[in-house]
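*Asks:* Read off the chains here:
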Amino acid sequence: MTLAIEGLTVRYRTPGGDVAALSDVSLSVARGRTLAVVGESGSGKSTIALAVMGLLPAEAQVAAGRILFKGDDVLALDPERRRRLRGSGMALVFQDPFTVLNPSLRVGAQIGEGLVHHRGLTREAALARAVELLAEVGITDAGAVAGAYPHELSGGMRQRALIAGALASEPALMILDEPTTALDVTIEAQILDLLQDLKARRGLTTLFITHNLGVVHRIADDVAVLYAGQVAEQGPAREVLTRPAHPYSKGLLAAIPRLGARRDRLASIPGRLPDLRESMPGCRFQPRCPFAVEACAAPQPLALALGRPVRCHRAEELADAAWPVIAEERPGTRSRSMADAAPIVEAAGLAKTFTLSRGLSALTWESWRPRYRPARVRAVDGVALALCAREVVGLVGESGSGKSTLGRLILRLQEPDAGRVRIAGEDVTSLPQSALADMRRRAQIVFQNADSSLNPRKTVGEIIGRPLRRFAVVPPREIGRRVHELLDLVRLPAHYAERYPHQMSGGEKQRVGIARALATRPRFIVCDEPVSALDVSVQAAVVNLLADLKDDLGVAYLFISHDISVVAHLADRIAVMYRGKIVEEGRADEITERPRHPYTEALLSAVPTIDHAPRQRLRLGLEQPRSGNGAGCVFAGRCHRRLGDICERKAPPVRQPSATHSYACHIECRPE
Amino acid sequence: MTAFVIRRLVLVGVVLVAVSMLVFAITSILPGSVAHLILGPFAPPEQVKALELKLGLGDPLWLQYWHWVSRIASGDFGRSLLMDRPVYPLIAEAFARSLTLTVASFLLIAVIGVGLGVVAALRHNGPLDHAVSIGTYLGIAIPEFFWAIVVILVFAATLGWLPASGYEPISAGFGVWLRHLIAPTLTLVFAHLAHVSRLTRSSMIEVLRSPYVTAAHAKGLPERVVVLRHALRNALLPTITVLALDIGRLMGGIVVIETVFAYPGLGRLLVFSVQSRDIPTLQAAILVVAGVYALANLVADLLYAWLNPRIRYGRSVA
Amino acid sequence: MDAALPEVPAARGRRPWPMQLKAGLVIVATIIALAVLAPWIAPHPWDTISIRTRFQPPNATYWLGTDDYGRDVLSRLLMGARLSLAMGAGATLFAVAIGVPLGLAAGYFRGWADELIMRAADVLMAIPAIMLGLLVLAVTPPALWKTALAVGFVYIPLIARVARSVTLGLAGEDFVQAARARAEGAGYILFREILPNAWPPLIVEASLRVTYAILLGSALSFLGLGAQPPSSDWGLMIAEARQFIDRAPWIALAPGFAMCLLVVGINLVGDGLRERLDPRLQRHAPKA
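Chains as they are written, first to last, in the numbering used here: chain A, 1 to 672; chain B, 1 to 318; chain C, 1 to 288.
Bear in mind the hints are in silico, worked out from the structure with no lab data behind them. Since the model is a prediction, treat every value here as computed from it, not as a measurement. Please note: incorrect hints may appear among the correct ones.
Said to hold, decoys possible - Straight line, CA to CA, 25 Å or less: simulated DMTMM-like cross-link-like pairs of lysine to aspartate or glutamate: (1) Lys22(C) - Asp129(B); (2) Lys199(A) - Glu170(A); (3) Lys54(B) - Asp84(B); (4) Lys70(A) - Glu6(A); (5) Lys650(A) - Asp417(A); (6) Lys458(A) - Glu184(C); (7) Lys199(A) - Glu132(A); (8) Lys458(A) - Glu275(C); (9) Lys650(A) - Glu601(A).
Pulled out of the complex, with its shape left as it was, chain A reads as follows:
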């Protein structure tokens, strides 16, 4: 056993009380294997990484337990020996590659410095080794990258560099704390490939922390599921993912939207995480567990069930039980009704360019002559989109695709540079902001970050009541009643009207945001990544809510997300965006099952999935700056199916394999 954690209990001192971040956690990682630790926020998974490395902050305290690294208890070591272990025996790759690299030092130096101090190499030797490692992690121009500063590299490159740094000292144990969470999915796929490759070549022993079960499926041998600071279940990844024993694992797996099983209702886990400041003698999952019985109030030890440790006394008997999908208050089939024919939103030729530097800062010098060259980004570049009533159009893209900007252009929260927008038949493109009141009533928006979208100084009642007041939706004395109705609609208790945002959880805040958007009875809502900032278990509930509301209230959504699985679950049609252009558009099943554009293809193959074997791996090249006059295909620089020069020179024609399906590419496909 390279790493064996026994009975680890860690507590954080906070002004509000002691938080039991980890309670009696026992895990082990065998040599050459990858253990994934899975949990949502508040599960304690990051604390494990910090505890093993000895990087716990001052407020944290190891109350009990041992951490055996190659047989020695690291907690008992003196600080100097502990320090020597770090970076040589065990290495940690952090989550956010953007802030973890020192902005003032060159990348190569940062990768090699561990070697200088642990192995006594000279600076030059360490740098040479760093270049070798950078090449090994798949960076083509390793020498240039080693000499570069962190701000000059993209996110994917930085993460590779960090991995190279971790490998530098040939550690016996690599710990990776959510290394791909901050990256686009196509880049994530590349990094996961790299990790698998390294594992095969070097026999790495890895502790991989993540919240994404799809990633677990891809790279883990074993998995431990954490809930509220305790291990809920542990075992070989394949077994846990196909036959989960603990109800929480069942719930998690049922809550994940899958590309294949579309449109069925997602299971959600009701309730919220327990407050770790309170002591909880019995099963911590009990309040949310559909299988709970009286005996759950007793302390639950980690016992063997189904051949592996599970913290549930009913595990054996529930072995084949699936997580129940609750229909909540509104049973009835989700109608697959065809969308109404009349379009509610019609946008054509929308474009928006952002100027990043203006005025004096745009002045640059070229061969001794001053030039005014402001940096410009074409966020949205000639996009047309239409939505019919009751329809959900999913807008999928990675960072920099322009999807959020497009949503705001349609609502005129940002002014388009070109193009026209019609909402409910009315051309709203050139109306002054003051004349947009009608349009604003009919078209609303739900934001991604629930923290930032609610005014911290207003109560929920005031937040939801304001649009009612502003648009005189109901007479003033009816406002209170209507607020309660809206809260009910989003499945929040009526007394929440007096609460302030900081008193609510993320999922609850998001529901308030939805209630606010619904207040004016809009016909169209732009949902800008509404579930991206939520835990998976909470995500499912909000997605279900949105689906139900669409059916009941007849609203159309433009559902913007980077997560194509979530989009595919809810959307009737999907549009895929890349760098300001829609590269493919069609019915949801057409896009997910018969993608035509190379980018869509790569995107779908990059998504880490749980059930079936991963699709054919299609990996994209690194990002290239847009060359020439921008006449060619936006995707040409990275395309794995690039035909030749024509892709950069000539704009790709729009092809239509079917009436509803269109894509822009030079490659001709068979008609469907």
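With chain A held as given, fit chains B and C onto it using these hints.
*Replies:* Chains B and C only, in chain A's frame:
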């Protein structure tokens, strides 16, 4: 980087021109005729008129400004109303003396203040840190003129080590010159140490908490290396900002300090010209100060840009 | 691709007021009370000249001694407190009244208004504070209220800058976008969405600014450009006491220490307010 430098220079130029307009505007537009101020409220009207004509106050404002600015630009700073001498040599001498004082104080403040701040941050929450914190808390509460009084009380009146005021040129002997310089320098240092060390401490603490410092610890680097190589390098940048801010305060400080210690520098000249309504000297002195301040800030900006790879090396490579 | 927001809501219950805040408030409140009640509680008349009682060190009759005119230092101290406090508060109010709206406008409307206001601020800040104050006071006969205005004027750009950066931060928040999505006018957004969130940091800044105003104003008085004799604020008291520093140090030391005490007290209040007001809005359960 070149583009950055040129942009900055242009900005400084524009700001200085605007400052000259501001100075001119304030001294011309505020109520109370300048001539009355000079001659007193009981002067006969013909005298007032004559003075106004002499000072060119009958012309439209923009013309007056133009005359004034073009003279300044060609080096003619006008004549002092108080001493009836050309302003330029007055200011030049005073400036040289103030420069000595300011530079000496600045160096001491930079070294001691930054040093204290860094050490306090490294021993965060330790006894030294608490001592420094309390010291700075009190330090910023004591006005400069009070420090001056205390220094005079302790070093001159009670201990008799230093002269309470005055100035002797180097020609009178290096030791004598130095002795007259010490008390004002000491006062300035005491007065400004607190600000600098407080700001340095908090920016250092922030740097020590940043993710890359945690990452450096995660690599198992020795503490010394983490601090020197990772933390200090990045703490340099905010320190430059802190020091640049302090220059302005320091320059303001010489006004009071030179007055108290009768040190014949630019600060004391300014006060005299205000008290005696010597407008030409006042205008010229303020311009000189603004120019020097702008220059100092420019140097700080350039230093900052040079040390910050993001600005020095510009945009992305890969 | 943000990390998920923790599902556990913020710490419940009101946190007790920080120690600093309480201590600071005690100090400041005491001084203000003494200043307000000064005419009634001063043991001796503060402006009666009496040659016989000159230069008495602190004793039973005159708790803080007498000055060169035989006047009771304590009484003068109390009367001076009114002037110094009034000047500090007045200057800050003036600076806030003009600086905050300018900063709000610059931060919210951006564009040329922002450029204009920021460049103007740059120009004003190109001259060190005390010198700008001197410049303004040079062209008019001295009076304390003019000093207060001059000091306020000097600090307008600083306050505007702070207000602008606070507004910039808030204007980027989604709830402001949500308000625009309700076709709310600029007035509503500024006053009902942004300002309620802006005033905590602005209050903290303003309270700290009072200390600078008092220090700068006293410095100007010290130079003879503030209060005029016979009334005197603490700055002028110290100036007048300068020449007797070897004979009668208490005349200068008393107002000096009083000023330090006041400034420390206000700083404590400001820091305590910052402690109390900010974290409440950003509390999350610790990330696990």
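*Asks:* It remains to establish, for every hint, whether it holds in the given structure.
*Replies:* Hints versus structure:
1. Lys22(C) - Asp129(B): 23 Å, holds
2. Lys199(A) - Glu170(A): Answer holds: Lys199(A) to Glu170(A) is near 12 Å, not above 25 Å.
3. Lys54(B) - Asp84(B): Between Lys54(B) and Asp84(B) the Cα gap is close to 14 Å, so the pair holds against 25 Å.
4. Lys70(A) - Glu6(A): With a Cα-Cα distance of about 13 Å, the restraint between Lys70(A) and Glu6(A) holds, given a limit of 25 Å.
5. Lys650(A) - Asp417(A): 24 Å, holds
6. Lys458(A) - Glu184(C): At roughly 16 Å apart (the allowed maximum being 25 Å), Glu184(C) and Lys458(A) satisfy the hint.
7. Lys199(A) - Glu132(A): 17 Å, holds
8. Lys458(A) - Glu275(C): The hint holds at about 21 Å.
9. Lys650(A) - Glu601(A): It holds: about 22 Å lies between the C-alpha atoms, which stays within 25 Å.
This entry satisfies every hint, going by the numbered hints stated previously.
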